[in-house]
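K.L.:
So you can see what is in the structure, the chains are spelled out below.
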Amino acid sequence: MEPIIIEGTPKTPTVKFDSTEGVFEIKGRSIPENSVEFYKPLVDWLDTYKESPLTKTVVNIRLEYFNTSSSKCILDVFKKLEAIHKAKNEVEVNWYYEEDDEDMLEAGEDYESIIRVPFKMIEIVE
Amino acid sequence: MSFNIENYFSEQSAGNTILYYKGNVDSDVINHVLDTVEDKMVEVNEQSKLRKKVYNVLVESLQNLYHHVDRVPEGFEDQTSERFGLLVVKKVSDGYRIITGNFVHSENIEKLEEKIKRINRSSHEEIKELYKFILNHQRISAKGGGGLGLVDIARKTGNKLEYSFKKYDNYYSFFYLDILVNEEK
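Taken in order, these protein sequences are the chains called A and B. Taking our numbering, the leading residue of the first sequence gets 1125, the next gets one more, and so forth. Taking our numbering, the leading residue of the second sequence gets 3, the next gets one more, and so forth.
In short, the hints are calculated from the structure, not lab data. Be aware that a few hints might be false.
In silico DSS-like pairs for lysine-lysine, Cα to Cα no more than 27 Å straight-line [claimed, not checked]:
hint	chain 1	residue 1	chain 2	residue 2
1	B	K134	B	K113
2	B	K130	A	K1151
3	B	K130	B	K117
4	A	K1164	B	K134
5	B	K158	A	K1244
6	B	K24	B	K42
7	B	K134	A	K1204
8	A	K1203	B	K158
9	A	K1174	A	K1203
10	B	K130	B	K113
11	B	K158	A	K1151
12	A	K1174	A	K1210
13	A	K1212	A	K1180
14	B	K134	A	K1244
15	B	K113	B	K162
16	A	K1210	B	K134
17	A	K1180	A	K1204
18	A	K1204	A	K1164
19	B	K168	B	K134
20	B	K51	A	K1244
21	B	K119	B	K134
22	A	K1151	B	K134
23	B	K134	B	K24
24	B	K51	A	K1151
25	A	K1151	B	K42
26	B	K24	B	K130
27	A	K1151	A	K1174
28	B	K42	B	K93
29	A	K1204	A	K1140
30	A	K1210	A	K1151
31	A	K1244	A	K1204
32	A	K1244	B	K130
33	B	K42	B	K162
34	B	K130	A	K1203
35	A	K1204	B	K130
36	A	K1203	B	K134
37	A	K1244	A	K1164
38	B	K134	A	K1174
39	A	K1174	A	K1164
Same shape as in the complex, but just chain B (with noise of 0.2 Å):
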């Protein structure tokens, strides 16, 4: 299999990389990884309200992985990791990009890129009303996740969500989400 699921991280643009992750994303990692980015920003001085965005962001995104990740491939090289997935934290010049990478089987694609595309072409107000009206008409899922995940990311971000699906094999692709935030412009 040519594919490699890090190939995508050497086609950025750089950036500082303070944290990189790949395994299985479990309670006591989501701890460590929240822990470890808010001491390197406030080690640097960040600002504490762009600080809160990207803590709020990176809780979000490593909650998504750990509610909504499809299993492993068969024949994957990490077959004990239960929630595999991948993340990095890099500082940019104006904030920070969190890239989170995870598995989809194929028949959940569309209905996430459809999210991801509702999310993005609506404006700020948009997505504010549309916060609310999931908060107040959809029950938490069966896996845990309140379905505000996304929204939430671009809501506080202000940001649209970058994205790109690459085919792993024909059952499965890899899905990318990189998310910027940044100092209010």
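Chain A on its own, in the form it takes in the complex (with noise of 0.2 Å):
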């Protein structure tokens, strides 16, 4: 499978997921009007990827900053890890936050409500 790298820009994210490695990272800032087209590859590629995965799969969001659209897609994302997880693959994500960014971190815990999957919260501290 080709693995997927996109490098950020200043409304989207840096994402690396690769098949290879299984650990799969989204990175930075996703802002964009359209994150429906920006996602959706990502999507598509975990939805090819989870038939067969890697025995672990860890995948690491550390998001500056999300909108409300974004918000939607990503649950998208973790929608196909916990189809993952759920055919008995081990399946972790690790929800990085800033000390200071109680938002973020909310945010997270929103997805761990919803999603059947291990998260571990993580605090940036600089």
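Using the supplied hints, reconstruct the complex from the two chains, each of which is provided in its own coordinate frame.
P.N.:
Listed below in structure tokens is the structure:
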């Protein structure tokens, strides 16, 4: 499977999905007007990956900002991970937030309460 | 027509305007506004917690305009803007005020006002639950909005959404949304 490597821009995050590594990453800002256009390829990629995933998949989400339209797309990403987890594979989400950013922590907790995948909330201390 | 969309601002209490924009709200305008306001907040050493809230609210307000504004009425001074909107960012004593304005067709007023009223009568906990419910149950609309913008603004600021509809003609009103983003009390 071809990896997805996307360089970040001021409005879209850096993405690294590599099926040989098992550590996926979404990092930076996610505030595009059209988030579906950005996230659809990622969701499609995970759909293929879930057919033969690694025994352990770790996903690092390290966002500085995300808009509400991205929030739905991020949920779609997590739903794919949930399906992988449900099929008895190990999946772990590391949700990073900066130490004073309670909003970002709460956003992670929202997902944690919706999605049945183990989440770890990790505070970034500067 | 005696109605002037800018009158609203002269009626508002004092504050130091750091950005004023009137015209088409496209992707480039949004980028430019976000950069400008972010730079200004860094310049004055605004604490990062407030800076992030202001930035988030600004993103949602601008994208609400981008996704939801109605066409301008016939005869309005600006006929070229596909998405006409107005934005003012003001520095006030303990934070920032973000004020947006846009035309709303009469038939869309009731739905919008009902949504705002529902948010304004909800407690912080209820707003959190509402956010999660919409996140989990509503699909992204044909216009590209997630239906979460106003809920997110109310959740992040912890303040009520101040708003008014000023009648423009028989078919249109001008909608002002006035959001206070301040330091935690």
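K.L.:
If a hint holds in the structure, say so; if it does not, say that too.
P.N.:
Now for the hints, and whether the structure bears them out:
no., hint, verdict
1, B:K134 with B:K113, "holds (21 Å)"
2, B:K130 with A:K1151, "holds (24 Å)"
3, B:K130 with B:K117, "holds (15 Å)"
4, A:K1164 with B:K134, "holds (21 Å)"
5, B:K158 with A:K1244, "holds (22 Å)"
6, B:K24 with B:K42, "holds (19 Å)"
7, B:K134 with A:K1204, "holds (18 Å)"
8, A:K1203 with B:K158, "holds (25 Å)"
9, A:K1174 with A:K1203, "holds (11 Å)"
10, B:K130 with B:K113, "holds (21 Å)"
11, B:K158 with A:K1151, "holds (21 Å)"
12, A:K1174 with A:K1210, "holds (11 Å)"
13, A:K1212 with A:K1180, "holds (10 Å)"
14, B:K134 with A:K1244, "holds (19 Å)"
15, B:K113 with B:K162, "holds (18 Å)"
16, A:K1210 with B:K134, "holds (22 Å)"
17, A:K1180 with A:K1204, "holds (14 Å)"
18, A:K1204 with A:K1164, "holds (12 Å)"
19, B:K168 with B:K134, "violated (32 Å)"
20, B:K51 with A:K1244, "holds (22 Å)"
21, B:K119 with B:K134, "holds (18 Å)"
22, A:K1151 with B:K134, "holds (22 Å)"
23, B:K134 with B:K24, "violated (33 Å)"
24, B:K51 with A:K1151, "holds (19 Å)"
25, A:K1151 with B:K42, "holds (25 Å)"
26, B:K24 with B:K130, "violated (32 Å)"
27, A:K1151 with A:K1174, "holds (22 Å)"
28, B:K42 with B:K93, "holds (11 Å)"
29, A:K1204 with A:K1140, "holds (16 Å)"
30, A:K1210 with A:K1151, "holds (25 Å)"
31, A:K1244 with A:K1204, "holds (18 Å)"
32, A:K1244 with B:K130, "holds (21 Å)"
33, B:K42 with B:K162, "holds (25 Å)"
34, B:K130 with A:K1203, "holds (20 Å)"
35, A:K1204 with B:K130, "holds (24 Å)"
36, A:K1203 with B:K134, "holds (15 Å)"
37, A:K1244 with A:K1164, "holds (25 Å)"
38, B:K134 with A:K1174, "holds (26 Å)"
39, A:K1174 with A:K1164, "holds (15 Å)"
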